[in-house]
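One line per chain: the protein sequences are B and Y, in this order.
Residue numbering for the first sequence follows the numbering used here, beginning at 343 and increasing consecutively.
Residue numbering for the second sequence follows the numbering used here, beginning at 129 and increasing consecutively.
Check each hint, because a few of them may be wrong.
In silico DMTMM-like links for lysine to aspartate or glutamate, alpha-carbon gap of 25 Å or less [said to hold, decoys possible]:
id, chain 1, residue 1, chain 2, residue 2
1, Y, 348, B, 472
2, B, 396, Y, 234
3, B, 396, Y, 354
4, B, 500, B, 472
5, B, 500, Y, 234
6, B, 356, Y, 307
7, Y, 235, B, 530
8, B, 501, Y, 307
Here are a few chain B residues that face chain Y, going by a calculated C-beta distance under 7 Å [said to hold, decoys possible]:
id, residue
9, 446
10, 477
11, 478
12, 522
13, 523
14, 537
Since the hints were derived computationally from the structure, they do not count as laboratory data.
Even glycine gets a Cβ: it sits at the ideal position worked out from N, Cα and C.
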Amino acid sequence: MDKRLIEIRTALMKGAAPAVRELVSACLDKGIPPDRILEEGMVSAMAIIGERFKRDEIYMPEVMIAARAMNAGLEVLEPALVQSGAKPRGKVLLASVRADLHDIGKNMVAMMFRGAGYSVVDLGVDVHEDLILEAIAEHEPDVVGLSSLLTTTLPNMKKTVETLEKADLRGRVIIMVGGAPVTPEFAEGIGADGYAPDSASAVERAAELLAARGQGLA
Amino acid sequence: MSPGKKRPMTSRERVLTALNHEEADRVPLFTFSMDPRFVRAFGNGNPARAYEALGIDAFPIRAQCWCGDMPLVPSLMNIEVPEGYDTGGGVFAGWHGVDEFGRVWEKGSYITGALKTREDLDRFIPPPRLEERTPPAAVRRVMEKYPDRAHVLNAHLGPFGLTMESMGFEHFFYMLYDDRELVREVLDRRTTWFIDLCRHAQELGVDFVVMGDDVAYKGKTFVSPEDFRELAIPCYRRIVEALEIPVIWHSDGFVEPLIQMTLETGIRGMHALEPAAGNDLGRIKERYGDRMVLLGNVDCVSVLTGTDLARVRAEVDRCMAQAKAGGGFMLATSNSLHAACTVEAVREMYRYALEVGEYD
Chain B
343 MDKRLIEIRT
353 ALMKGAAPAV
363 RELVSACLDK
373 GIPPDRILEE
383 GMVSAMAIIG
393 ERFKRDEIYM
403 PEVMIAARAM
413 NAGLEVLEPA
423 LVQSGAKPRG
433 KVLLASVRAD
443 LHDIGKNMVA
453 MMFRGAGYSV
463 VDLGVDVHED
473 LILEAIAEHE
483 PDVVGLSSLL
493 TTTLPNMKKT
503 VETLEKADLR
513 GRVIIMVGGA
523 PVTPEFAEGI
533 GADGYAPDSA
543 SAVERAAELL
553 AARGQGLA
Chain Y
129 MSPGKKRPMT
139 SRERVLTALN
149 HEEADRVPLF
159 TFSMDPRFVR
169 AFGNGNPARA
179 YEALGIDAFP
189 IRAQCWCGDM
199 PLVPSLMNIE
209 VPEGYDTGGG
219 VFAGWHGVDE
229 FGRVWEKGSY
239 ITGALKTRED
249 LDRFIPPPRL
259 EERTPPAAVR
269 RVMEKYPDRA
279 HVLNAHLGPF
289 GLTMESMGFE
299 HFFYMLYDDR
309 ELVREVLDRR
319 TTWFIDLCRH
329 AQELGVDFVV
339 MGDDVAYKGK
349 TFVSPEDFRE
359 LAIPCYRRIV
369 EALEIPVIWH
379 SDGFVEPLIQ
389 MTLETGIRGM
399 HALEPAAGND
409 LGRIKERYGD
419 RMVLLGNVDC
429 VSVLTGTDLA
439 RVRAEVDRCM
449 AQAKAGGGFM
459 LATSNSLHAA
469 CTVEAVREMY
479 RYALEVGEYD
C-alpha cells in the first residue's frame, strides 16, 4: 500500500483529525484517486477500529475520536469523490424511535456506517413512524436502522416496523434495530430483518443482509 | 419460630446484617427508585405506604435537585406524605431545560450536557443547599415514624456519571483526549460536592448511601478499565474515606470488569447488576460475594415488563439460588421500579421474595 495511505490510516486510528485532513489533502494533490484514499486509507482504518472495539481493546472515546478524524478527512475528500463519480456502499437511514430522545447509540452507529463507506441519513431523535415513511420515500435507503434506549419506547419500535410493513416496504428496505433494551428475541418478535448488539456489529450485519439480497459489498 | 430458624429481625437489622456479609433472617428487599405509578398502585399515592406494602426494607432519603425551579418528582410533592419524602430521586418527569449540574433535558428525558469549558464550571457545580436538598426536620420525622426501617440516601449524583452527563457524552469522550485536565477538574469538584451531600445525610442518621454513577452500557463500559482506574477510582476512594457509613455503587450496564478495582476503594456493595447487560450474578457472587454486597439483578427489561408471573417467580428463584447463600445479598430489580414494569409483576416479585427469601 502507498506509504501516504498508511499514514492516513495510522493518523485516523489515533484520532488525529488535523493530520488526517492534511494527509488527505496532500494525497489528492499527488493525484491519488479519491476512492483509493477513502477505501485504503480511511475505511480500512475504521474497520480496524470496529474490530478492536468488538474485542474490547478500545472503548467509545477511542471510536469517537477516530470517527471525528474520519469526518475531518471526508470534508476534504468528498468534493473529489463526487467529482470522480464514486458511489457509496449503500445508503442507511437512522432514527431514534418516537418518544425516545436519546441519540448516543444511534450516533455511534452512524459514525461506524460512515466509516465503512456508507452514505448516512440521520433523522435524529423522537422520530414519528410517519416521518420515517416519508424519509424512505425521499432518500430511498437500503437499510433503515431504528434505535431505542428506553424500555418504554420499545412499543414504538414495534409500531414503526408494523408501519413499514403496512406500507409494503418489506423487501425494499432492510430493517435493523438496536439499543440497550433490545434483544435478538425482541427484534425477531417484531419482525425486524436484523439486530446488532453494538455499532461495529451493526455495520457487519447490514453488509451480510445486503449481500444476501445481492446488494452492496459484504 | 421453628427450631433452627433465625429470630425475626427488623428491616434495619436485616439490612445492616446483609451489609456486614452475614445471613439475616431473610434476604432484604430493596429498590433504588420507584416510578409514581407504583406509588399510586401500592401506596395509594403515599410512597412510604408503597414501600411498606411491598416489604422493602430500606426507605430512601431525598437528595433533591432542580431544573430551573422545578424539583424532582413534582407530581408527588402535593400528596400527603411526610414532608420532604419522596421515592428516591429517580424520576425526572417534567424537567425541560438545563438543570443545576448542566444536564440538558427535554420532556423529562436527558439529552446532552451544557458544561463545555472551564468557564462553565462555576455555573454547573451548584451550591450545596444541603438543608433544602435533604431537609433535616423532614428526614428526622421519617426516621421517627419508621424507626425499624433502614434509611438510605439514594443519590444518583455520583461524580463520574454526572461528569459525563453534564459535559454530554460525545464532548466528554473528546475531552479525554483534548483536555483531560478539564475532565479531572470537573470530577474533583463533583466528588467534593457529593461528599458534602453524603456527610450531611450521615449526620442526619442514614444507614448507608447508594451512589448512582452510571459508567457502563450493554456489554461494555463507556471508557476503558484503565481510564476508569485513573479517573473514577480516586473519586470513589475519596468518597469512601470521607464517610463512616457504607457506600453502595449503582451503575447500569456491564460492570464486571470494574468490580475488583472498585472493591479496592472500600466500596461496600454494587447495585443493579443488569443481567441483560451481561452481568452474571452467579459468577460475581463466586468471585466477589465474600467482599462485595450484591443488590439487584431481577430482570426489569423483559421479565418485570410482562405479566407472566411464573416467569417472575423463576427469575426470583434464579437470583436467590445464585446469591442468597452466606448473606451479603439484597434482592432488587436490575435497575429500578420503572414505568414499563407491570404492577402484577412487581407485586409478585416482592411477594414471592418474602416467601422464598428466608434463611434456615
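_Enumerated hints in conflict with the structure, sorted upward_ = 1, 2, 7, 8, 10, 11 and 14
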